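Asks: Take the given structure of chain E and dock chain B to it, following the hints.
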Amino acid sequence: MFVETPFVRKKHRREILAKCVFGAMALAMVIPLVLIIGYLVFKAAPLLSWDFLTSNPTNGMRKGGIWSALLGTIYLVVISLCISAPIGVLAAVYLNEYARENWFTRIVNLAVVNLAGVPSIVHALFGLGAFVLFAGMGRSILAASLTLAIMTMPVIIASTREALASVPVSFREACWNVGASRWQTIKAVVLPNSISGILTGVILQVSRTAGETAPIMFTGAVFYRNIAEGNLFAYGIKDQCMALSMHLYTVTTQVTNAPDALPYAIAVVLLGTVLLVNATAIVFRVYLRSRKKW
Amino acid sequence: MHAIPKAKVQVDNLRTFYGAKEVHHGISFHIERNEIFAIIGPAQSGKTTLLRAINRTFEFTAGTRMTGTINVDGEDVKKVRDVYGLRRKIGMVAPLPVGLPLTIYDNVAFAPRSSGVTEKSFLDAHVEKCLRQAALWDEVKDRLDSLGTKLSGGQQQRLTIARALSHEPEILCLDEFSIAIDPVTTMRIEDVLKELKKEMTIILVTNLVQQARRLAARTMFLWNGDIIELDTNEVMFSEGTKDQRTRDYVNGIFG
Numbered sequence: 001m002f003v004e005t006p007f008v009r010k011k012h013r014r015e016i017l018a019k020c021v022f023g024a025m026a027l028a029m030v031i032p033l034v035l036i037i038g039y040l041v042f043k044a045a046p047l048l049s050w051d052f053l054t055s056n057p058t059n060g061m062r063k064g065g066i067w068s069a070l071l072g073t074i075y076l077v078v079i080s081l082c083i084s085a086p087i088g089v090l091a092a093v094y095l096n097e098y099a100r101e102n103w104f105t106r107i108v109n110l111a112v113v114n115l116a117g118v119p120s121i122v123h124a125l126f127g128l129g130a131f132v133l134f135a136g137m138g139r140s141i142l143a144a145s146l147t148l149a150i151m152t153m154p155v156i157i158a159s160t161r162e163a164l165a166s167v168p169v170s171f172r173e174a175c176w177n178v179g180a181s182r183w184q185t186i187k188a189v190v191l192p193n194s195i196s197g198i199l200t201g202v203i204l205q206v207s208r209t210a211g212e213t214a215p216i217m218f219t220g221a222v223f224y225r226n227i228a229e230g231n232l233f234a235y236g237i238k239d240q241c242m243a244l245s246m247h248l249y250t251v252t253t254q255v256t257n258a259p260d261a262l263p264y265a266i267a268v269v270l271l272g273t274v275l276l277v278n279a280t281a282i283v284f285r286v287y288l289r290s291r292k293k294w
Numbered sequence: 001m002h003a004i005p006k007a008k009v010q011v012d013n014l015r016t017f018y019g020a021k022e023v024h025h026g027i028s029f030h031i032e033r034n035e036i037f038a039i040i041g042p043a044q045s046g047k048t049t050l051l052r053a054i055n056r057t058f059e060f061t062a063g064t065r066m067t068g069t070i071n072v073d074g075e076d077v078k079k080v081r082d083v084y085g086l087r088r089k090i091g092m093v094a095p096l097p098v099g100l101p102l103t104i105y106d107n108v109a110f111a112p113r114s115s116g117v118t119e120k121s122f123l124d125a126h127v128e129k130c131l132r133q134a135a136l137w138d139e140v141k142d143r144l145d146s147l148g149t150k151l152s153g154g155q156q157q158r159l160t161i162a163r164a165l166s167h168e169p170e171i172l173c174l175d176e177f178s179i180a181i182d183p184v185t186t187m188r189i190e191d192v193l194k195e196l197k198k199e200m201t202i203i204l205v206t207n208l209v210q211q212a213r214r215l216a217a218r219t220m221f222l223w224n225g226d227i228i229e230l231d232t233n234e235v236m237f238s239e240g241t242k243d244q245r246t247r248d249y250v251n252g253i254f255g
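Chains as they are written, first to last, in the working numbering: chain E, 1 to 294; chain B, 1 to 255.
Just chain E, with the same shape it has in the complex (with noise of 0.2 Å):
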């Protein structure tokens, strides 16, 4: 028989109210997002149209649009992602699948730790050194991806260590107890069910490598280029370019009396194109997970 004694009561009570806190709070996580989007929208309003996108800065930045500079993010994102996606996704596939317990793979660990750890400013003088002056690339884009690569990836190794280690352990001994070699594990087996916990860790760094000024002062950004404009190929590698978070910057600080709007439309590009490409990744580890297959 059910009795309502008090304490049935008090931990119904107790019940509801945990409830509601945890849900206040997840609430809350939401209302900044959208006071931020719609405030940078509303502000962004007057500037905001395709031709904005689609043309130079002119005017000592006060007319015209961000063309170049957002393209050159583009340019930045996608050539450091090709650096540091497979080399940072393969040596987590190292560490994990492979690596014993030593002091190799100690070393390597303790060096994964520390590099995400860095400031991204030390990243920047590191970049500045090695690939701008050591190596004599000279400030240019190839040397701003390089250096927002080494950013990255360990981020990217962490990551992927985790989205491997979420595939049992059950799965690969039943592969090595049928004679399979590691490797032909990694292949049928593990790769197939992580990917798309990789996929996640590693466009989670699209919006880093957008957002980041300092890494890439010193190493390929410019105040101001002209480019050729709709042309998707304007830029070389070789070449320095502007991008969106150095144009941001300098803006709302070197330049004076440009239009209101400006700062806010250049933040609401920057922050369309993380989300444009956020979201396609979303679409796509929907996609991979229908298909996850325990």
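Treat the hints as calculated values from the structure; they're not laboratory data.
Mixed in with the good hints, there may be bad ones.
[As the list claims (entries may be wrong)] Chain B is nowhere near these chain E residues, computed Cβ spacing over 12 Å in every case:
| hint | residue |
| --- | --- |
| 1 | VAL3 |
| 2 | VAL8 |
| 3 | PRO119 |
| 4 | ALA165 |
| 5 | VAL169 |
| 6 | ASN177 |
| 7 | VAL178 |
| 8 | SER181 |
| 9 | THR185 |
| 10 | VAL189 |
| 11 | PHE223 |
| 12 | ALA261 |
| 13 | PHE284 |
[What the hints assert, rightly or not] Simulated pairs of lysine-lysine, DSS-like, Cα-Cα distance not exceeding 30 Å:
| hint | chain 1 | residue 1 | chain 2 | residue 2 |
| --- | --- | --- | --- | --- |
| 14 | B | LYS194 | B | LYS141 |
| 15 | B | LYS120 | B | LYS141 |
| 16 | B | LYS150 | B | LYS6 |
| 17 | B | LYS194 | E | LYS187 |
| 18 | B | LYS79 | E | LYS187 |
| 19 | E | LYS187 | B | LYS78 |
| 20 | B | LYS129 | E | LYS187 |
| 21 | B | LYS120 | E | LYS187 |
| 22 | E | LYS187 | B | LYS150 |
| 23 | B | LYS194 | B | LYS6 |
Note that this is a predicted model, so its numbers are computed, not measured.
All C-beta atoms, glycine included, are put in the ideal place defined by N, C-alpha and C.
Replies: Okay, now just chain B, sitting in the frame of chain E:
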């Protein structure tokens, strides 16, 4: 006098270690060809580790080492050069069913494929044969391309057995195969094992004392890494055991 058959598996003075912790304290025994050899004993007595040492998956765990020798067909497993070949010679069935996240067909075809077989007609016939041996064929023959992980627990365990048979092992190791499946399925698999005995040597690790009694010719009682007693089932399950602890364990009054 009859000739002593050359042992299929010969273990001599085996000691295994996880870090500083010694699991087996120097055990020696042999397993004959085409016998069902049961290993009983409480948890933590080193049953699973023993199987993992035989097919050399033990070494995948960090910090493990072993001394002594394990000979399979007279060949020291530590000195085997083709370790994948050794593992193919030994079929391994884990306590919990592991349907790989592949189709039923690919689950069974995985082993032959990873040793280089690509011929479709051979694989088709082979998959059917293994699934029939594991008493699963009739239930899955119309959905070979659905996922192995979608099968029920008992079906997945039979799939695991089919996979263990797919590389045509000479030794089949079953590690508490029945803990996740119902008694009826267990009986069906036990019937399968009696058939398979004609073709291969079977090592049966089990928590069910009666299962060892039903199936095995000889039973080994392993406790805390030592062999307490190893004898034919007539002796092990009688009042005539050498060790009081064996009698107590078998009768379920082990303290």
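Asks: Would you check whether the claim that PHE284 of chain E is not at the interface survives, using Cβ distances to chain B and the 12 Å cut-off?
Replies: The assertion about PHE284 of chain E holds, with a minimum of 19 Å to chain B.
Asks: Measure nothing beyond the straight line between the CA atoms of LYS194 of chain B and LYS187 of chain E; if it is 30 Å or shorter, mark the hint as holding.
Replies: 36 Å, violated
Asks: Once the closest CB in chain B is found, is it more than 12 Å from PRO119 of chain E?
Replies: 34 Å, holds
Asks: Given the proposed pairing of LYS187 of chain E with LYS150 of chain B, does the C-alpha separation stay at or below 30 Å?
Replies: 21 Å, holds
Asks: ALA261 of chain E: least C-beta distance to chain B exceeds 12 Å?
Replies: 52 Å, holds
Asks: Does the structure keep LYS150 of chain B and LYS6 of chain B at a Cα separation of 30 Å or less?
Replies: 43 Å, violated
Asks: Compute the least Cβ-Cβ separation between THR185 of chain E and chain B, then decide whether it is above 12 Å.
Replies: The claim breaks: THR185 of chain E does not keep its Cβ more than 12 Å from every Cβ of chain B (closest is about 8 Å).
Asks: If we take the beta carbon of VAL8 of chain E, is the closest beta carbon in chain B still more than 12 Å away?
Replies: 36 Å, holds
Asks: Hey, is PHE223 of chain E genuinely clear of chain B, shortest beta carbon separation above 12 Å?
Replies: 52 Å, holds
Asks: Can the restraint linking LYS79 of chain B and LYS187 of chain E be considered satisfied, given a maximum Cα separation of 30 Å?
Replies: Answer holds: LYS79 of chain B to LYS187 of chain E is near 28 Å, not above 30 Å.
Asks: Run the C-beta distances from ALA165 of chain E to all of chain B and say if the shortest one exceeds 12 Å.
Replies: Its Cβ never comes within 12 Å of chain B, the nearest being 14 Å, so this holds.
Asks: Does the alpha-carbon distance linking LYS120 of chain B and LYS187 of chain E stay inside the 30 Å limit?
Replies: OK: LYS120 of chain B and LYS187 of chain E at ~20 Å, within 30 Å.
The structure fails to meet hints 5, 6, 7, 8, 9, 10, 16 and 17 from the earlier list, while all remaining hints are met.
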